[in-house]
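Trainee: So you can see what is in the structure, the chains are spelled out below.
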Amino acid sequence: DTEVTQTPKHLVMGMTNKKSLKCEQHMGHRAMYWYKQKAKKPPELMFVYSYEKLSINESVPSRFSPECPNSSLLNLHLHALQPEDSALYLCASSQDHRANGYTFGSGTRLTVV
Amino acid sequence: KNEVEQSPQNLTAQEGEFITINCSYSVGISALHWLQQHPGGGIVSLFMLSSGKKKHGRLIATINIQEKHSSLHITASHPRDSAVYICAVNFNTGNQFYFGTGTSLTVIP
Numbered sequence: 143d144t145e146v147t148q149t150p151k152h153l154v155m156g157m158t159n160k161k162s163l164k165c166e167q168h169m170g171h172r173a174m175y176w177y178k179q180k181a182k183k184p185p186e187l188m189f190v191y192s193y194e195k196l197s198i199n200e201s202v203p204s205r206f207s208p209e210c211p212n213s214s215l216l217n218l219h220l221h222a223l224q225p226e227d228s229a230l231y232l233c234a235s236s237q238d239h240r241a242n243g244y245t246f247g248s249g250t251r252l253t254v255v
Numbered sequence: 016k017n018e019v020e021q022s023p024q025n026l027t028a029q030e031g032e033f034i035t036i037n038c039s040y041s042v043g044i045s046a047l048h049w050l051q052q053h054p055g056g057g058i059v060s061l062f063m064l065s066s067g068k069k070k071h072g073r074l075i076a077t078i079n080i081q082e083k084h085s086s087l088h089i090t091a092s093h094p095r096d097s098a099v100y101i102c103a104v105n106f107n108t109g110n111q112f113y114f115g116t117g118t119s120l121t122v123i124p
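In order, the protein sequences belong to chains A and B.
First residue of the first sequence? That's 143 in my numbering, and the numbers climb one at a time after it.
First residue of the second sequence? That's 16 in my numbering, and the numbers climb one at a time after it.
The hints are simulated quantities; they were obtained by calculation from the structure and are not laboratory data.
Heads up, some of the hints might be wrong.
Stated by the list, open to error - DSS-like cross-link-like pairs, simulated, lysine-lysine; straight-line CA separation at most 27 Å:
| # | chain 1 | residue 1 | chain 2 | residue 2 |
| --- | --- | --- | --- | --- |
| 1 | A | K161 | A | K180 |
| 2 | B | K83 | A | K183 |
| 3 | B | K83 | A | K182 |
| 4 | A | K164 | A | K183 |
| 5 | A | K151 | A | K180 |
| 6 | A | K160 | A | K195 |
Let's have the full structure, built from the sequences with the hints guiding it.
Mentor: Here is the structure:
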């Protein structure tokens with residue numbers, strides 16, 4: 143298995159909802175990443191987990207809460223989002239902290255209404 | 016300062032044309048990636064380079080470490096090549112990716 147799988151592919155949520163995005167890989171990668179991408183812009187790094195510990199938080203608002211329950215799974219919990227949070231959320235993984243074997247998921251298209 | 020610059024920003028080509036997209040970066044890197052993203056879609060990694068040249072089908076990627084420059088070439092372009100192509104680098108300083116602003120390619124039949 144050489145993929146990073148993200149679910150759901152599309153999500154529409156209200157500003158008072160709580161939802162979660164899921165990212166899974168079975169390549170034995172020990173670093174996992176969340177990115178946010180707005181239309182016609184490059185991805186922006188949100189969080190980095192290395193060996194299941196949060197190593198980088200790029201000053202992301204607390205309404206986004208990452209979780210890494212094990213080395214294969216990365217979640218992004220969403221609560222009280224704003225319409226401007228609507229974007230493509232991409233997950234990626236790599237073999238180690240040196241970013242070898244970097245692999246992206248296909249993303250979750252999030253719309254906040 | 017860690018910077019990645021891509022050119023051109025937008026490119027329109029006729030089917031069959033040879034296409035080149037360029038990427039320059041500011042300081043030493045451990046690896047450079049060329050990525051492809053179709054409209055509304057996820058990102059697919061095309062190549063990872065740390066030196067030399069790689070070829071996959073009609074795609075060729077080269078990197079010149081001394082000049083801090085990489086190119087992505089597409090031979091015999093086809094409308095299905097229409098996508099955004101993004102250069103991303105790992106600088107020697109860490110494990111983060113730094114992305115170029117992307118090149119939006121449209122290939123007209």
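Trainee: So, for every hint listed, does it hold in this structure?
Mentor: Right, here's what the structure says about each hint:
| no. | hint | result |
| --- | --- | --- |
| 1 | A/K161 - A/K180 | holds (19 Å) |
| 2 | B/K83 - A/K183 | holds (23 Å) |
| 3 | B/K83 - A/K182 | holds (25 Å) |
| 4 | A/K164 - A/K183 | holds (23 Å) |
| 5 | A/K151 - A/K180 | holds (16 Å) |
| 6 | A/K160 - A/K195 | holds (23 Å) |
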